[in-house]
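Model the placement of chain B with the ligands on the given structure of chain A, informed by the hints.
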Amino acid sequence: MPFNSIPAIDFLNRESELAYLRRLPEVKSDGLTGNVILTGGRGIGKTELLKQLYLRLFREEGCTPFYYSFRTANLKGNYFARDYFARFVRQYIAFLRKEPSLAENVSEPLQKLMPLVSSLGLEWLLDCMADFQVHLDNNDLYWQVIAAISVPVTAARKGGRPVFVMLDDFDAAENLYESVRGDAHGLTSLFSEAMKNSLCPHVITGSAAALEAIFADQAFIGGVERLRLGALPDDLARQLFRSLLGKLRLSCPAEESLQFLNLLRGNPLYIRNLAAAARKMQKDNLAEKDLVECYSMDVSEGETARYWSSVFSRCTGGAARKKAVVKLLMHSVEGGGMEGERLSKVLGLREAETGAALDELQASGILSDQEPLLQDFIRGLFLREIEGRTAEQVREAIEKKYSRAKPESCFELVIPMDLNAELVAAGAVEQIGKNLGLDSDFLSFLQLALIEVCINAIEHSGSHDRRILLKFISRADDIEITVESAGRPFTLDSLSAVPAEEKLRGGQKRGWGFRLISGIMDNVKVERVGDRTRVILNKNIKHKEVL
Amino acid sequence: MNPAQFTVDSRLDGDTAVIYPKGYLNNLAGESLVAECGRYTGKGIRKIVLNFGGTGLINSIGISLLLQIIEDLRTIEGTVCFSNMSKFQVDTLDMLGLLKHLRIFPAESEALQYLGAGAV
Ligand SMILES: Nc1ncnc2c1ncn2[C@@H]1O[C@H](COP(=O)(O)OP(=O)(O)OP(=O)(O)O)[C@@H](O)[C@H]1O
Ligand SMILES: [Mg+2]
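Just so you know, the sequences run in chain order A and B.
For what it's worth, the numbering used here labels the leading residue of the first sequence as 1, then goes sequentially.
For what it's worth, the numbering used here labels the leading residue of the second sequence as 1, then goes sequentially.
Pulled out of the complex, with its shape left as it was, chain A reads as follows (with noise of 0.2 Å):
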């Protein structure tokens, strides 16, 4: 739906662009091109430049806006034809009363609003709607189709007013079909006709190998312009996710950390997609490390893999190609270079097969060569699809591939939930330190601080697989132990803070944890992955080593 577009003021770097298409009626009433394709490539922000326009345009009342998006739509034809219809006449009666939820309500069959439109005085509006019933009537899905494609055309004449319309993900439109999918071929090119006309200018968005061919129909020739989006420069990327953390209530790191974002190459999906993730991970004051993590586990497992998922899987054609289809994305994404008939043997496909699922990909936007990004993704579809490696070590490898600072040494160690496991941390930590000739009691401090995190994890986790993993990293001054369990999440002030007296004088004499993990560590931070719980531990190991 067009009204639930982010607040105009988050909206960044598109003026030149919404200036251009809002004088798209007027271009078009002077007898000019007038209607526009706009691409760019996934997630740049052509249906929110849509939603922006449209909200505009909406308060106005210079025209009346139309938005349909064919992503969601059902595309089976005569279920298109009335969806099409009905939401064209809801949003033109929302914007003559300038009342959004009108255009919101899809639930409510149209016929309620006749009483509406003739208080209006829509004469014209009924007879439409009239003339749709017959075709619907008549079961004669050509016809409404026609019809509804129609209205806004016949609305901009009859209202006096031009109507904007703007088809998103218009490309999807090839796959319109009378029963069953790929019967009814060129429905597309009925959009030419209402494209035609001088009142109703059009923005057209998909992926631009898919729009090319659409628009390369004769019956389209000469009637579009294009408009391609561009990422969001550098500064602006950084001021998007600060913003949006700060809207997370999450601080923001420091400037030089962010030149990691130069990786998302200011495409704004990614950039949301990266805060979210720093926010289900509970990541607050992040460092470069951090945004690392958040990236690895975005595009492993988060929002930008579930996004990359979904468009690779409306291109495989069937679970069973799936594996194939796979080699063939990492075969390009390697650089190619296999002649078609070796390369169809290697993935068991017929060669025509290969060449279609390559046409797919390349219009899906799967294919840039442009975005670091894109290729982890496929790295990571790879390693998970054919090689058989869990989401887990996806996400490590891609965290590995950035991770600038190695540890100097590294002990990983998974503990059962038994009574007294804390203390075979409590022996690792205890020989580490001994390695790194640290004193004793200091070494006593960090035992008892890993053994309460652990009891913490044992008592509050409620962790079905009952263990837990610690990795001990020691580096040139600092010692960072991560305690990581599934379960419940648990937050270590939920062991609260109460002073002293307090708790004494209350009969309140549990909860020292937090107060002696605090007190010991110099930094304690506690974040979600995935379903689990992890707790880091720094502390600074400088001047604390045995003289």
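Hints were generated in silico from the structure; no laboratory data involved.
All of these numbers come straight from a predicted model, not from anything done at the bench.
Some hints here could point you the wrong way.
[To be verified] Over 10 Å on every C-beta distance to chain A, these chain B residues come out as not near it, computed from the model:
no., residue
1, 9
2, 10
3, 26
4, 31
5, 61
6, 63
7, 103
[To be verified] Mimicking EDC-like on lysine to aspartate or glutamate, the simulated pairs with C-alpha atoms at most 16 Å apart in a straight line are:
no., chain 1, residue 1, chain 2, residue 2
8, A, 327, A, 284
9, A, 98, A, 60
10, A, 539, A, 465
11, B, 87, A, 439
12, B, 87, A, 60
13, B, 22, B, 36
All residues carry an ideal CB built from backbone N, CA and C; glycine is no exception.
Same frame as chain A, now just chain B with the ligands:
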């Protein structure tokens, strides 16, 4: 640290029970320590010395159970003294702001002397 199995020994010195918790003081150990104190207070003893010379790490649950013992003694107008604590143990209690609520002596004999002087 001495991760050995927790044990608790005790002896009576006049009207004072001296208790020796040994090993890692956690929830279970703490409870057996509470029970050991209970055995004496049940017999009317109101002075206790806890000698920590053989105690290793005390975790937060162990600490909460020590506070339980202090509270139990307070309700019967008795006194608990701690003795032979390591620097690390004292520092831990200090970190929690508990020192001023405890009577801590370097040696068992000093604790006994204090209690023998009629302190209750
Ligand atoms: N200029 C912008 N400033 C801030 N946020 C933006 C901007 N453009 C888009 N966004 C946000 O980025 C996300 C992706 O945008 P959008 O869905 O419009 O991309 P798209 O190009 O339509 O993607 P797709 O290829 O999937 O259709 C949305 O959450 C949107 O609100
Ligand atoms: Mg979109």
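Each hint tested on the structure:
no.	hint	in the structure
1	9	holds, 21 Å
2	10	holds, 23 Å
3	26	violated, 7 Å
4	31	holds, 13 Å
5	61	violated, 7 Å
6	63	violated, 5 Å
7	103	holds, 15 Å
8	A/327 with A/284	violated, 38 Å
9	A/98 with A/60	holds, 9 Å
10	A/539 with A/465	violated, 29 Å
11	B/87 with A/439	holds, 13 Å
12	B/87 with A/60	violated, 76 Å
13	B/22 with B/36	holds, 13 Å
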